[in-house]
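Note that the protein sequences, when read in sequence, are chains A and B.
Quick note: the first sequence uses my numbering, first residue 1, plus one each step.
Quick note: the second sequence uses my numbering, first residue 1, plus one each step.
Worth flagging that the hints you see were computed from the coordinates, not collected in a lab.
Just so you know, these numbers come straight off a predicted model, no measurement behind them.
Check each hint, because a few of them may be wrong.
[As the list claims (entries may be wrong)] A few chain A residues that face chain B, going by a derived Cβ cut-off under 8 Å, partial list only:
(1) 78
(2) 85
(3) 108
(4) 255
[Said to hold, decoys possible] FRET-style restraints, in silico, Cβ to Cβ:
(5) A/320 / B/311: 49 to 57 Å
(6) A/196 / B/77: 52 to 60 Å
(7) B/281 / A/123: 22 to 30 Å
(8) B/153 / A/198: 43 to 51 Å
For every residue, glycine included, the Cβ atom is placed at its ideal position computed from N, Cα and C.
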Amino acid sequence: MRLRLPMYIPRLRQALMAETRYGMAINRALADAMQADASVVLFGEDVAAPGGPFAVTRGLLAKFGPERVRDTPISEATIAGAAVGAALGGLKPVVEIMFMDFVTLAMDALVNQAAKAHFMFGGQCSVPMVVRTPHGGGLNSGPQHSQCLEAWFAHVPGLKVVVPSNPADAYALLRAAIADPDPVVFVENKTLYSIKGELADVPQPVAIGSARIARSGGDATIVAYGASVAAALKTAAALAADGIEAEVIDLRSIQPWDERTVLESVAKTRRLIVAHEAVTAFGVGAEIAARVSELAFAELAAPVLRVGADFMPVPFARSLERECLPGEADIMAAVRRSLDWKPNARIKP
Amino acid sequence: MHMELSQQDLLSLYETMVLIRRSEERLSRLFADGEVPGFLHLSIGQEAVPVGICAALQAVDTVASTHRGHGHALAKGVDLRGFFAEILGREEGLCRGRGGSIHVADLRVGMLGANGIVGGGLPLALGSALAHQVRRTGGVAVAFFGDGAMAEGVLHECLNLASLWKLPLIFACENNGWSEFSPLERQFAAQLGALGHAFGIPAVQVDGSDVEAVRAAATRIIPLARRGDGPQILECKTFRWRGHYEGDPQKYRDAGDLADARSRDPLVVSGARLEATGIPAERMRTLERAVETRIEDAVEAARLGREPDYAAAAADVYTQAAAGAHG
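Construct the complete structure from the given sequences, taking the supplied hints into account.
Right, here's the structure in full:
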């Protein structure tokens, strides 16, 4: 029996699930968090009066005033270090590092101070701070404005790292990051800022460390995060035309990462491909491949394969950048290699 | 000229300096005996700086320290037993044996930690000052740093930002003339006061071996920062008696330099002034013995302490372990 829904239901649904751009979802998460908690403060380069280099913090200065929303000089080391001190002093700072490439200048504060204070001081204190920073190429912004450096932070005990792939997760994970008592590196892919997605009036919370099954399938598992999720989904759709059902897992958090969801999927599909935009070598994919091999070697019908950027600085010219960064074709090739793998076969380097 | 202190006030400053001196001398022996693991950086000869400055602070105020931070910790009032237990690597330590000498912290008394990174405490203190400003705590933050940190870029960033935001922040430089193994003149081409001037930050220079002078200067400038006038620089000329670390043979340093250093002993300077006030020598000795007894009690307690709990340490990598795998 089909229910006849009253006419207003679709309109109501539209109102409750408005289409929102990724950048605006982050803006709303910041505004809502600041509204809910007076200890949340925002500072970074050009985040206040100019509204952020990608317009993500637009309007927040007018809404919350110059004491809580501050432009800083171009001083990344001090932005990050001050966030640690402010967090120890009872604030919940959300700071922005304009491009992830610039975190090199803030490493002491993040790696030696923020990550360690809770542990190193015997649990006396927490460091509830968030560093928002955009990563990724695709804009021809060259070797110093395109890198995906999240694996560095995932390697440091004490830091959490999240990389949302869509507006709803960006909202929910940013709220979770701000509420979290530990330092969180919140990574935003630059190419996602303008993408649209549904965001509920009252968004569902997302726990840091929980993945999302973006598409179900039984033939192979593709684990991705950030902008690579869309590429993985397109690949899965293309494979479906050939009768191959790939399961796509959006990791959402990479430190910690949702090992259980990945293992459950691998137990079902027996094939695993990890795709990310960051350089393949020594990356998140390497960690996941190693863990799955350690924990579920017998479940695997093929070696875990990684898809990532080539081992070179992200080049400037369109043709060079396109070739260096991974795309749907690379994910597709990896899935097919996994499916075609025969015992005793070797993966060609 | 600074105001005259009462005999009782001066005695109290002297007592804290004796506490720092005797504690570090004790640590030096414990280190030589193999009871202190790791590195040990002593501030013997520099006691008047933390004591003079912390005497002008209130409970709400916060300090960020350096690798040579025992004096800052003790002057800010950290628990003595917890202090020794930490440096001996015990569960009862202030940081449960996870930090050691260069990470002693006690947030309860506003001590934001010694720091293993030269200049690392500067932006922490700046952030703490920001928290004081935004939360209107009425507090100020003090960034202790050595002359070695003057060449760190982060100092220059912090001077700029603190001035722009008029933060209640005191830049307290302990200028002992040595950047680890190199003399100041080969490390820094400017003068701190001139640097402060460039950023519009008032700077005061003071004899860092004279606790009364340090206290007087601190008492004058800290209220300025507290009332919203913005950051202040207090440069204290002081002397490092020991090597960069315990066991440092100091081959880079000549005997004359060491003799100069010892010629201005903050304890002798203040001791002579106390004597001049007519304080009986016996009272000074009683005070020193009482300090030594407290230290021995703390050392004995630390020796009897437990090995740190590994499982508890593993559980403290995060305040809130999230779902999922960390590594």
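Hints and how they fare:
no. : hint                      : in the structure
1   : 78                        : holds, 4 Å
2   : 85                        : holds, 2 Å
3   : 108                       : holds, 6 Å
4   : 255                       : holds, 7 Å
5   : A/320 / B/311: 49 to 57 Å : holds, 50 Å
6   : A/196 / B/77: 52 to 60 Å  : holds, 56 Å
7   : B/281 / A/123: 22 to 30 Å : violated, 46 Å
8   : B/153 / A/198: 43 to 51 Å : holds, 45 Å
Checked against the numbered hints listed earlier, the structure breaks hint 7 alone; every other hint is satisfied.
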